[in-house]
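Sequence lines, in order, name chains S and P.
According to the working numbering, the stretch in the first sequence is residues 1 to 246, in order.
According to the working numbering, the stretch in the second sequence is residues 1 to 300, in order.
If you are wondering where the hints come from, they were derived from the structure by calculation, not from laboratory data.
These figures come from a predicted structure and were not determined experimentally.
Mixed in with the good hints there might be a few duds.
[To be verified] Heads up, simulated PhoX-like pairs for lysine-lysine below, C-alpha to C-alpha not over 25 Å straight-line:
#1 149/P / 32/P
#2 97/S / 149/P
#3 276/P / 132/S
[What the hints assert, rightly or not] So the derived list for chain P, only partly shown, Cβ under 8 Å to chain S, looks like this:
#4 186
#5 192
#6 197
Built from N, CA and C at the ideal position, the CB exists for glycine as well.
Take a look at the letters that make up each chain.
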Amino acid sequence: MTALLSVNEVSTGYAELEIVHKVSIQVDKGEIVTIIGPNGAGKSTLLKAIAGVLTKFEGTVTLNRQNVTTFSASNMVTVGASFVPQTDNIFPSLSIKENLEMGGFLRSSGVSERINEVLSMFPELQKRPNEKAGNLSGGQRQALAISRALMLDPVLLMLDEPTAALSPVLREEIFDRIDVIRKTGVAILMVEQNAKEALLRSDRGYVLVAGELVLEQTGPELVANPDVGRLFLGAERNPQIHNEGN
Amino acid sequence: MDILQLLIIGIIVGSIIGLGAMGLTLSYGVMKFANFAHGDFMTLGMFLAYIVISDLGWGTSPIGNFSFGFGLIPAIILAIFGVGCFAIVTDHFVHRHLRMRGSGIITMAIASLGIGIMLRAIIQMVWGPTAFRFSTGINTALTLPGDLKIKPDQIFICAITLLCTIGLYILLYRTKLGKAMRATSDNSELASIAGINTDRIRMATWGISGGLTAIAGIMLAIQSQLRFDTGFTFLLPMFAAVILGGIGNPWGALLGGLIVGITQELATEWINPGFKPGVPFVLLIAMLLFRPRGIFGSSI
Numbered sequence: 001m002t003a004l005l006s007v008n009e010v011s012t013g014y015a016e017l018e019i020v021h022k023v024s025i026q027v028d029k030g031e032i033v034t035i036i037g038p039n040g041a042g043k044s045t046l047l048k049a050i051a052g053v054l055t056k057f058e059g060t061v062t063l064n065r066q067n068v069t070t071f072s073a074s075n076m077v078t079v080g081a082s083f084v085p086q087t088d089n090i091f092p093s094l095s096i097k098e099n100l101e102m103g104g105f106l107r108s109s110g111v112s113e114r115i116n117e118v119l120s121m122f123p124e125l126q127k128r129p130n131e132k133a134g135n136l137s138g139g140q141r142q143a144l145a146i147s148r149a150l151m152l153d154p155v156l157l158m159l160d161e162p163t164a165a166l167s168p169v170l171r172e173e174i175f176d177r178i179d180v181i182r183k184t185g186v187a188i189l190m191v192e193q194n195a196k197e198a199l200l201r202s203d204r205g206y207v208l209v210a211g212e213l214v215l216e217q218t219g220p221e222l223v224a225n226p227d228v229g230r231l232f233l234g235a236e237r238n239p240q241i242h243n244e245g246n
Numbered sequence: 001m002d003i004l005q006l007l008i009i010g011i012i013v014g015s016i017i018g019l020g021a022m023g024l025t026l027s028y029g030v031m032k033f034a035n036f037a038h039g040d041f042m043t044l045g046m047f048l049a050y051i052v053i054s055d056l057g058w059g060t061s062p063i064g065n066f067s068f069g070f071g072l073i074p075a076i077i078l079a080i081f082g083v084g085c086f087a088i089v090t091d092h093f094v095h096r097h098l099r100m101r102g103s104g105i106i107t108m109a110i111a112s113l114g115i116g117i118m119l120r121a122i123i124q125m126v127w128g129p130t131a132f133r134f135s136t137g138i139n140t141a142l143t144l145p146g147d148l149k150i151k152p153d154q155i156f157i158c159a160i161t162l163l164c165t166i167g168l169y170i171l172l173y174r175t176k177l178g179k180a181m182r183a184t185s186d187n188s189e190l191a192s193i194a195g196i197n198t199d200r201i202r203m204a205t206w207g208i209s210g211g212l213t214a215i216a217g218i219m220l221a222i223q224s225q226l227r228f229d230t231g232f233t234f235l236l237p238m239f240a241a242v243i244l245g246g247i248g249n250p251w252g253a254l255l256g257g258l259i260v261g262i263t264q265e266l267a268t269e270w271i272n273p274g275f276k277p278g279v280p281f282v283l284l285i286a287m288l289l290f291r292p293r294g295i296f297g298s299s300i
């Protein structure tokens with residue numbers, strides 16, 4: 001099966017500083033794939049590079065067999081890859097409806113219809129479309145950010161810590177919505193700190209440590225891996241991990 | 001002078017300041033730096049209009065009681081187009097390069113100061129230091145109840161300001177371009193992630209801001225006169241208006257302009273009119289000290 005997203009030997013970082021070293025991952029159609037790892041592992045940096053926000057120092061990225069390595073963030077959405085940053089992921093002075101209109105900026109038609117479709121997944125937003133986004137709670141902001149990213153009917157949705165700073169109840173709600181989105185055929189690549197909950201819902205997971213990929217297993221296998229917990233605590237810099245799945 | 005008469009003059013001057021300040025704050029909202037060339041953009045607008053009205057002599061016969069003829073229409077169009085293009089070109093050759101290098105707002109603002117000085121020098125070289133007027137005719141004032149006077153030209157200035165305000169509101173809140181400008185002002189990286197071409201949005205913002213500035217310049221020239229530094233002397237009142245209204249907020253800038261205009265005119269009841277240009281300084285400092293976010297806060 002050809003991967004929807006194929007990241008091959010990508011190195012990236014900020015300015016001259018390389019944070020992610022030769023990482024290769026892939027996401028198949030309709031999959032949920034989660035990247036986990038301790039703080040500072042380079043998870044968000046990798047996601048930003050795939051999304052075109054950061055420049056790749058080396059390596060290639062293909063989406064639907066198209067080479068998108070040099071695509072900017074604004075070009076990535078045109079080929080079906082939407083990205084939701086961890087923070088500053090809404091336009092606070094715009095209303096909920098206007099945020100969604102901006103998500104559908106590149107649509108030539110059917111914006112209103114798509115807004116209705118997207119909002120049907122997030123009823124709490126549907127009730128007050130003219131509310132200023134800056135007035136929303138953390139969970140509602142995250143829901144709006146994800147909704148905004150769905151406006152262009154993406155084939156791949158990239159989420160950077162979608163449940164960060166949310167209560168356990170809201171975390172569950174966001175994960176439930178992610179499941180619903182996956183059922184519509186959208187593949188999801190996410191970075192998560194709430195690793196256990198994310199991995200239990202994921203088809204596969206990757207473990208990133210100090211900018212290097214150290215493990216790939218199915219979600220449940222990673223949850224059961226005794227070393228994974230230690231890894232998140234950052235107790236070991238170069239841990240030897242049980243890699244029974246590979 | 002009667003307080004109410006000063007109030008009328010204040011509203012007229014405030015309308016011009018507000019109109020210019022709306023362009024200034026719009027460019028700040030999207031570019032995130034203070035454009036110190038804004039006053040000189042105003043002067044450029046005045047002189048481009050002057051080319052049509054006086055040098056080409058198009059439509060100079062006055063319309064009704066106004067001091068200007070139909071030539072003002074092509075003059076306004078040329079000025080909007082000329083200043084808008086000049087703003088876009090300077091952004092393309094100067095600010096865009098600085099943005100790509102990751103230059104900070106101080107560098108950008110200083111670069112705009114340089115552009116302003118250069119533009120002022122060019123205007124002085126071409127038209128000299130002499131003051132000009134669009135019309136040498138007498139614009140007879142109308143008498144309102146209470147023996148208050150207002151010239152038809154001044155009613156025209158207020159009407160144009162109102163029209164531009166409504167037009168800007170429709171642009172920002174009812175059009176795709178305007179919403180994208182507000183989105184880019186809020187978070188330019190997220191706007192890019194959403195697929196908005198932020199370079200084009202910046203270009204459009206410069207064009208619209210330049211156009212508003214050109215109109216403000218022409219209104220200022222109708223109310224007073226044209227000189228190579230007329231717009232520059234208006235820069236501080238415009239900044240005061242922008243800060244009063246909340247940086248990046250066009251409606252705040254208009255209100256701020258009216259407050260500055262009215263305050264400086266009313267102040268002449270108690271102070272020598274020669275000192276009235278100091279009033280915006282006082283307002284600006286007071287606002288920065290006590291409510292730096294401005295009256296309405298900072299967003300488009």
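Right, here's what the structure says about each hint:
1. Taken as a hint, the residue 149/P and residue 32/P pair is broken in the structure, with Cα atoms around 41 Å apart against an allowance of 25 Å.
2. For the proposed pair residue 97/S and residue 149/P, the alpha carbon gap of about 47 Å is over 25 Å, so the pair is violated.
3. The hinted pair formed by residue 276/P and residue 132/S fails the criterion: a straight-line CA distance of about 40 Å is larger than 25 Å.
4. Here the hint on residue 186/P is kept, as its CB sits about 4 Å from the closest CB of chain S, short of 8 Å.
5. Here the hint on residue 192/P is kept, as its CB sits about 5 Å from the closest CB of chain S, short of 8 Å.
6. Because the beta carbon of residue 197/P sits about 6 Å from the nearest beta carbon in chain S, less than 8 Å, this interface hint is met.
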